[in-house]
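On the provided structure of chain A, position chain B as indicated by the hints.
Listed in order, the protein sequences are those of chains A and B.
Note that the numbering used here numbers the first sequence so that position 337 is 1060, with each residue one more than the last.
Note that the numbering used here numbers the second sequence so that position 363 is 1086, with each residue one more than the last.
Please note that the accuracy of each hint is not assured.
Same chains, same names: a pair is fine if it fits in one copy or spans any two.
[What the hints assert, rightly or not] DSS-like cross-link-like pairs, simulated, lysine-lysine; straight-line CA separation at most 30 Å: (1) Lys895 to Lys814; (2) Lys818 to Lys1027; (3) Lys1165 to Lys1014; (4) Lys1027 to Lys814; (5) Lys997 to Lys1165; (6) Lys1075 to Lys1033; (7) Lys1007 to Lys1165; (8) Lys818 to Lys953.
To be clear, the hints were calculated from the coordinates, so they are not data collected in a lab.
Treat the numbers as computed from the prediction; the structure is a model and nothing was measured.
Here are the chains, one letter per residue:
Number of protein chains: 2
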Amino acid sequence: MKRLEGYRGFILERLRKINVEIGDEIVIEKNNEIIEGILMPRSMLGDDKHVVIKLRNGYNVGVKIESETIIRLKKKRKIKVERKIESIKKKALPKIAIIGTGGTIASRVDYKTGAVYPALTPEDLYAFVPEIEGIATIDTETLFNIFSEDMTPQHWTRIAEKIAEKIEEEYKGIIIPHGTDTMAYTAAALSFALQRTPIPIVLVGAQRSSDRPSSDAAINLICSTHVAVKAPFAEVVVVMHGSSSDEYCLVHRGTKVRKCHTSRRDAFQSINAKPLAIVKPNGKIEMLMEKYSPRREDREYELKAKFDSKVALLKMYPGIREDLIETLIDRGYHGIVIEGTGLGHAPSRLLKTIRRAIEEEIPIVMTSQCIWGRINMNVYRTGVELLNAGVIPGEDMLPETATVKLMWILAQTRDLKEVRELMLTNIAGEINPRTTHGTYLKSWIR
Amino acid sequence: MKRLEGYRGFILERLRKINVEIGDEIVIEKNNEIIEGILMPRSMLGDDKHVVIKLRNGYNVGVKIESETIIRLKKKRKIKVERKIESIKKKALPKIAIIGTGGTIASRVDYKTGAVYPALTPEDLYAFVPEIEGIATIDTETLFNIFSEDMTPQHWTRIAEKIAEKIEEEYKGIIIPHGTDTMAYTAAALSFALQRTPIPIVLVGAQRSSDRPSSDAAINLICSTHVAVKAPFAEVVVVMHGSSSDEYCLVHRGTKVRKCHTSRRDAFQSINAKPLAIVKPNGKIEMLMEKYSPRREDREYELKAKFDSKVALLKMYPGIREDLIETLIDRGYHGIVIEGTGLGHAPSRLLKTIRRAIEEEIPIVMTSQCIWGRINMNVYRTGVELLNAGVIPGEDMLPETATVKLMWILAQTRDLKEVRELMLTNIAGEINPRTTHGTYLKSWIR
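In isolation and in its complexed conformation, chain A is listed as follows:
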């Protein structure tokens, strides 16, 4: 069966007739114009009137096919790619490992029927992002293929353990394609699970799938390959578009990053910290932070890959009832992160229940739904009372990062005093001791 994922009806017939498949170079002649490129897969949600091809300049375009439009095969894909891989191997480029977990970047085609095409063999990657062939030799392994909203702490453990295996195999860096929905949570989890990593661990995603003309998949992959191969730092990072154009990607520290937009390509933003670096598709890496953990390929890393998933993240809102926290206590939750208001507050009527939780040895961590800024529970009475009750102030940690960290800590100890001490210790850049200037969102400017 020829691979023609996403095409149907009239166009599917036309493509079948000339015996082409996804990845082949084709030529389209239309209104005396010639358009050449690689045939790309389509999303099932697309119409049956266009083919999508990747032009030589890297852009994808949709071309409307009418009955008089001519489509011809230019070059078969397979042979070319196989030859390419041989020649790439001969170049002795730095070796990196790619561990597939799923998400838009690794899936094209049909999200509706679940017929997801992993597209993570080296052949696929070289075919769709040919720029990589000049940068690295790639080994790929698909660990699982899930939507990132289905990622659980158990998946984090499996990814961390797989990374540890790969580190032993002496790669220059490791890339983890991941769905964007919960990529920041996984980045935080791996930052705690893998400490003092000798090489960069790079999470990368795409906000728009590779079969869409405006896809960010290629640039994000190219930039993350550069980071994996030669970045001076060895940390768990997220590499994603830094602007709505294709100019550069930003490298975000895994514990300080958050998806801040549902659809934009520059959705990922560093919060309460500068991004670690800028990386350009041409390979230029410019550091933005002076302090980082340097690449040291002989370093002994530490693997603590377990997470306790009996932790709840609870956002405060006016009218929230005590029964929500009561339930968490009654159902045997091991810890609670409160996404409070302002400097770290919760309604005073919850104080009694919060005290009960702490008496029952359930740690409560306070963070802020403001997202930017730092917890300071010494300013107002409510804060002081919560502190006195034993609530742990989350400093300038993101609520998401604090939740992941509490899950990680509780897998090691349930002792309240130890939990508090670890929670207040900066382990993987999640706590900035001082507020960095210029890291607040730029407000509306004329």
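Then chain B, alone, in the frame of chain A:
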């Protein structure tokens, strides 16, 4: 008893000896320098070595008092202010109403013991923000005095009803000083509760209390007074610092605003929309949005002030368990707003429980924890399945606004079809039909 709130020990004695109290003009002589200003109250958390005075240029300074420092009374406050009020009334300036609810802007002194000094009489306001005397005649009423984290939907009802009373009394505008923690929730609530208001309803707060040198209270109050008196729009808005300097305030639409920083003075930001206007302390108001509800002092407004507080806001995170939603169903909650991931997703293992909720006539609304952007549940399988289950997509509504709106709708109808229809109808600017260009946070720029 002389009012000397916040002063203690050595300084309290010194101030008592010369028979001064808060609000008096005093002169301090120290190291051959003379400093003149109005004696301000202090926070109980301050030391006992400084007095805080408000200089003629509007800034507050703390002056260290040593045994050789001379303090003298220059002018008593009371007589002056009374005279002032008489003369202000004679000027026949536009009349505005101030309805006190509490918060930093209306409280100085001791947050620890709860001895909060309301400071909301016209005398207090004219004394501490003398700029107002040239703008408006003020009537003040303290409705209640609570920390905003303790605000509930029942409080929203009381505020809305009080505003309706005041509208009948023909004021030019109404100002509601409010704690900043949940000010955005109240702003959304009032936007739904009071429709087609004839005059502007202005919520205002302070990130730093008036007894701190860097307080934003004065500028925010001056700017909101200008808006109340003469803004061309008649909507529920939030007026707060627009930058970290004292240059201007921004006017945010009540349904599109959010506190985005725990401590900065420019914490409030419009999300997925431009601010409505810029207002400068000199009274200049510049519109940024072309469409708004204009001031029409004869308009018939509509008051629907009830809210159903049996609504939960639930933020998704990896590892979230079904039992959280199960509990909400079992405890008889009337509606749930999910703060999902990305374009509007929840883990697929929650699908069964979500279906059960909807079968039991509990509406589920989907919003995104990305904060910026729009829900689009048609792109991925998870979204499509949630839509098919009957989940209501929250468009580009803030999770906070969607929660308030669902509380407001459920106080009117429990019919699932009607709830869905109202939820998807733009009632108070909470849904932007098209994404406005330039409203995403500016990403990190060199």
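Subject >> Hint numbers contradicted by this structure >> reply: Failing hint: just 4.
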